[in-house]
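S.K.: Protein chains in written order, with the working numbering: chain D, 1 to 420; chain R, 1001 to 1246; chain V, 2001 to 2343.
I should point out that these hints are in silico values taken from the structure, not numbers from a laboratory.
C-beta atoms are modelled at their ideal positions from N, C-alpha and C, and glycine is treated no differently.
One thing to keep in mind: the hints can contain errors.
Stated by the list, open to error - Footprint (simulated), chain R over chain V, 3 or more residues, beta carbon under 8 angstroms: (1) 2194-2205; (2) 2208-2214; (3) 2219-2228; (4) 2321-2331.
Said to hold, decoys possible - Computed beta-carbon distance windows for the label pairs: (5) Ala2139/V - Ser1178/R: 40 to 48 angstroms; (6) Glu313/D - Ala2310/V: 55 to 63 angstroms; (7) Pro253/D - Ala2139/V: 40 to 48 angstroms; (8) Val2221/V - Ser1063/R: 22 to 30 angstroms; (9) Pro2316/V - Asn286/D: 46 to 54 angstroms; (10) Glu313/D - Trp2167/V: 47 to 55 angstroms; (11) Gly1041/R - Val2221/V: 36 to 44 angstroms; (12) Gly383/D - Ile2022/V: 41 to 49 angstroms.
Unchecked claim - With a straight-line Cα cutoff of 25 angstroms, these simulated PhoX-like cross-link-like pairs (lysine-lysine) come out: (13) Lys411/D - Lys210/D; (14) Lys2315/V - Lys146/D; (15) Lys55/D - Lys2315/V; (16) Lys261/D - Lys238/D; (17) Lys2315/V - Lys52/D.
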Amino acid sequence: MSQSKIDSPTVPGAKRSRRGFLFGASALAAAGWTAGGPGSWFLPAAWGQGKKAIKMGIATDITGPIAPSGNSNWQVAQLAVEQINATGGIAGRPVELFLEDTASDPKAAVANVRKLIQRDQVDVVLGGITSAMRQAIKDPIVNRGKTLYIYPQLYEGQECTKHLFNTGPTPAQQCDELIPYLIKTVGKKRFALPSANYVWPQLLNKYARKVIQANGGEVIFEEYYPLDQPEYSSTINKIRDGKVDCVFSTVIPPGLQPFTKQLYESGFQQRGGIVSCVYFDENSLNYVAPRELEGVFSCLDFFHTVDDPYSKELLAAYAKKFPDTKYLFTAGSASTGMYRGIRLYEAAVNTTKGDVAREAVSAALDKAKIEKGPGGGAEMVPGKMHAKMNMYVAQCRKGTTDALRWDIISKYPMVDPKEC
Amino acid sequence: MSADLLVVHDVHKRFGTLQALDGVDVTVHAGTFHGLIGPNGSGKSTLLKAIAGAHLPSAGTVSFAGRDITHATPYERARLGLSLKFQITAVLNDLSVYDNVLLALQAGESIWSLVRSRTRRALRDEVMHALERFRLADRADKLAGELSHGEQQWLEIAMALAPRPKLLLLDEPTGGMSPEERRVTGELLAPIKDSCALVIVEHDLDFIRDICDVLTVLDQGKVLDTGTVDQIQRSERVQQVYTTRV
Amino acid sequence: MSKQTSSPSRGLRDRVIPLIEISVLAAALVTPLLMVKSPELITLATNILILSLLAISFDLCWGYSGIMSFGQALFFGVAGYVVALVGRDLGFSHAWSTLPLAMAVGLLLSFLFAAFLLLGRRAPTVIFVALGTLTGAYAAERLVSGWQYVGAGNGLSSVKLLQIGSWELVEGPGFYYLVLALLITSYGASRYLVRSQFGLVLAGMRQNEERLAFFGYRIQVFKALIFSFAGLLAGLGGALFAYHQGFIGPGSLGPGLSTTAVLYALFGGSGTLIGAVIGTALIETISYVLADQDAIKQYWPVILGFVLLAVVVFKPTGVVGFFVSRRERIGSYGGRDDGKRRR
Chain D
1 MSQSKIDSPT VPGAKRSRRG FLFGASALAA AGWTAGGPGS WFLPAAWGQG KKAIKMGIAT
61 DITGPIAPSG NSNWQVAQLA VEQINATGGI AGRPVELFLE DTASDPKAAV ANVRKLIQRD
121 QVDVVLGGIT SAMRQAIKDP IVNRGKTLYI YPQLYEGQEC TKHLFNTGPT PAQQCDELIP
181 YLIKTVGKKR FALPSANYVW PQLLNKYARK VIQANGGEVI FEEYYPLDQP EYSSTINKIR
241 DGKVDCVFST VIPPGLQPFT KQLYESGFQQ RGGIVSCVYF DENSLNYVAP RELEGVFSCL
301 DFFHTVDDPY SKELLAAYAK KFPDTKYLFT AGSASTGMYR GIRLYEAAVN TTKGDVAREA
361 VSAALDKAKI EKGPGGGAEM VPGKMHAKMN MYVAQCRKGT TDALRWDIIS KYPMVDPKEC
Chain R
1001 MSADLLVVHD VHKRFGTLQA LDGVDVTVHA GTFHGLIGPN GSGKSTLLKA IAGAHLPSAG
1061 TVSFAGRDIT HATPYERARL GLSLKFQITA VLNDLSVYDN VLLALQAGES IWSLVRSRTR
1121 RALRDEVMHA LERFRLADRA DKLAGELSHG EQQWLEIAMA LAPRPKLLLL DEPTGGMSPE
1181 ERRVTGELLA PIKDSCALVI VEHDLDFIRD ICDVLTVLDQ GKVLDTGTVD QIQRSERVQQ
1241 VYTTRV
Chain V
2001 MSKQTSSPSR GLRDRVIPLI EISVLAAALV TPLLMVKSPE LITLATNILI LSLLAISFDL
2061 CWGYSGIMSF GQALFFGVAG YVVALVGRDL GFSHAWSTLP LAMAVGLLLS FLFAAFLLLG
2121 RRAPTVIFVA LGTLTGAYAA ERLVSGWQYV GAGNGLSSVK LLQIGSWELV EGPGFYYLVL
2181 ALLITSYGAS RYLVRSQFGL VLAGMRQNEE RLAFFGYRIQ VFKALIFSFA GLLAGLGGAL
2241 FAYHQGFIGP GSLGPGLSTT AVLYALFGGS GTLIGAVIGT ALIETISYVL ADQDAIKQYW
2301 PVILGFVLLA VVVFKPTGVV GFFVSRRERI GSYGGRDDGK RRR
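The following block holds chain D by itself, in its conformation from the complex (with noise of 0.2 angstroms):
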């Protein structure tokens, strides 16, 4: 519902920037942002005059359960298109930034989305979270809407819609890689696999089956519980009798608070078992307590502890622009495939120049690749909608501090997407 805009003031059409930005001060201030007076958060007005500004829509959930990532979205993005103004713009044009609540309500988003296309028709949307949302909202914007769009979060894959491009890892790229690991090297051959009843859960399971039977595992059970089931003895039982000694747990909140804490006490991680979860990020200290958190694995794009120079100044730059914020700057929220996306719709509207027509730049993005990012560079596989990118195994464990830390345990460089 809230409609903001961040752009330079000197762009032409100064009396909408105007509008766009009284109201947009009040969702900011609703997303979290603390900067400054008004008007700091543009680029000098000296800057940009007489150019043509590319205008770039986020779509993402500023209200509503999915709020958290949707607001570490929506300040990467900020923070991104910051940096690509700082540098002189794409190709020379400053970029806008719009902003559209999709408020984790599809009917909504349909709505909210429209606006950007048809009120403010910018040239590209990112953003979604759930692949519910994408579904929603990706008809409005490349059916109907002729627009680009670029989804950033990881998901179930299959998504191979022309002029939709996807920045967040896929079931291969999160487990073609841990899933041998902990058969081969951390010893685990007997997996459960517990899961939220929804369509990211079913496909990765899938996926994963065929990894754990490939890599002489076995696939002891798969359930599927409603989101807010809050009574899991049944499958504790389950884990206990199958003498299952790795869970790859894909149970979201609000069920998955009771199933983590059920699951600890009955004492899995004690007799040896270990648990996977691959959505796990910095963020799950919020959701998870630490003693349940302790020894998980994951593997995901990004951890704030990847050693690479270029990750460390994205996330002091984070911190810089908006200390204190609850939002952290994570893989499991879509923001490392917000800010890759951006990055990657950057270097395509490089290649054609400033041309921002969909077949122009879908044609460049298509073969786009970017040097640096939040865990590394990243690359489009051409005619696949999907990149390749840098993934890390992780796990969980105390520091020296006592203070839990995902340890990066391997880094496997530009893993293959597998999809399309």
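For this one, chain D is given, so just place chains R and V on it according to the hints.
M.R.: Just chains R and V now, kept in the frame of chain D:
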């Protein structure tokens, strides 16, 4: 013309502990004006409602034109030719006088014909005729709610007669009327005797005496006496009730 | 024939509705021409026309027949789901058959409701019908929210575009004028119905149901018919909504949207048809403007609630009631200007 149009046989009606009707027998012949009289609470209105279908009797039967209508719906009674004018005027205040009568007249038509307004024009003469008969023609465009009380009563009688019923039930037709209006009402009703029988509940004994052929006197839910106006006037039982209680 | 006795002033006052109707029609015809540069406003205007069908559907029930239906969105939403599913599973979206299909779905579903709620042996009370329809809408919303085949809580998105011949309709002036044509047709049919002798029965029924029964009208049958016709219009609206939005979700068939339809009609002025359209346009436009005002949008539903309360308490005849006399709202069905009137 002395066929039994309406036969009420041994009708009982109980409201809680009150026995409103206690074995009432009344027979109304075609072409007669039949008055129901009796003191307050004697059951005459209840009897009228049982005939009309507004109350269902606890026991007994009501038959009309040879059909048992004891449990028939108002709609079925109306279709058989039983019409009714309420005690409290129930003209439709927000509709024009004309539309009130039209509404009454078109009641027999199929829904499809109503949707297509097939008889809107054809019924015009009949509506105006009914209005003229009850001296309401120049009020046709007024809202029914704007009429005087007496005019509303006439309108209602006009509406009740519009579908050409075989029997018309009138509950207190002259209630609230001036003497002049009562007189006119009597005059207006007289000509319908050829086509329609009447059952009237009325307090005004003069009015009843003027227009009715037969009277039934009720008291405490029972029939006290039935007969011609003259017979009833001479009936000692009736005299007794009226002198001691009224 | 009797002489004309009504004063000229009343005659004038009694012809306000046609004036309003012509003005609204003229505004509707030129609207897209004024919005060539703002496609999002054409989308909004199209939405208003589509939701007007829902509002008219409710007005036929409540304003004309005294049926307090809190379930109009059910017929609207189910029809929307049906065309969305036909598009998804059969790959079919030709207007000539999906729109009639949606109307049939609305008609059939509302008829089933009518049979259950209205056609019992005893005449139902307003409260009974209101609760019955509300329950139906609520149950449907819950059912659909948990049903994977129809997208569960996320609804159906990427609804196949409506086709007419080889022409695919996206949001824009084309879609707008199609909806406008359908709305005018629906409005005309509704107007014809409520101004017919059938409509006279409805008018009488609103004032005194019992009296009408004693005339020999089976009033529940009349109610069931108007309710079914209203369901048909809601179904048409729902299909257009799904095609236009490209999305249909559980919220589109629940008590929320049903109540919004009540609001449209009561705010604009129920029992006039045109009031329903005006109410929809006003509320949707204000909502659209306020949705961008962060300071207000949070409270907008609350404000709407108070507006409704104020209307019900202080101006039960709605916005249109400021211009239209009671007499005209109820109308005449014969008599005076019978000769001049064509129908």
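S.K.: Does 40 to 48 angstroms hold as the CB distance between Ala2139/V and Ser1178/R, or does it fail?
M.R.: For Ser1178/R against Ala2139/V, whose Cβ atoms are near 59 angstroms apart, the range 40 to 48 angstroms is violated.
S.K.: Given the hint of 55 to 63 angstroms, check if Glu313/D and Ala2310/V actually sit that far apart at their C-beta atoms.
M.R.: Because 58 angstroms falls inside the window, the suggested range holds.
S.K.: So does Pro2316/V sit 46 to 54 angstroms from Asn286/D, Cβ to Cβ?
M.R.: 51 angstroms, holds
S.K.: For the segment 2321-2331 of chain V, does the count of residues with a C-beta closer than 8 angstroms to a C-beta of chain R reach 3?
M.R.: Held - the segment 2321-2331 of chain V has 3 residues with a Cβ nearer than 8 angstroms to chain R, which meets the minimum of three.
S.K.: What's the verdict on Lys55/D and Lys2315/V, does the C-alpha distance respect the 25 angstroms limit or exceed it?
M.R.: 46 angstroms, violated
S.K.: Between the alpha carbons of Lys2315/V and Lys52/D, is the straight-line distance 25 angstroms or under?
M.R.: 51 angstroms, violated
S.K.: Should the hint that Pro253/D and Ala2139/V are 40 to 48 angstroms apart at their CB atoms be regarded as holding?
M.R.: Roughly 28 angstroms apart at Cβ, these two residues miss the hinted range, so it is violated.
S.K.: Three residues or more, CB to CB closer than 8 angstroms: is that satisfied between the segment 2219-2228 of chain V and chain R?
M.R.: Holds: 3 residues of the segment 2219-2228 of chain V have a Cβ under 8 angstroms from chain R.
S.K.: Lys411/D and Lys210/D: Cα distance at most 25 angstroms?
M.R.: 22 angstroms, holds
S.K.: Would you mind confirming whether the straight-line C-alpha gap from Lys261/D to Lys238/D stays at or under 25 angstroms?
M.R.: 16 angstroms, holds
S.K.: Taking 47 to 55 angstroms as the hint, is the beta-carbon distance of Glu313/D and Trp2167/V inside that range?
M.R.: Hint holds: Cβ distance 53 angstroms, inside 47 to 55 angstroms.
S.K.: With a C-beta cutoff of 8 angstroms, work out whether three or more residues of the segment 2208-2214 of chain V approach chain R closely enough for the coverage to hold.
M.R.: Answer holds; 6 residues pass the 8 angstroms Cβ test.
Hints 5, 7, 12, 14, 15, 17 from the list above are not met by this structure, while the remaining hints are.
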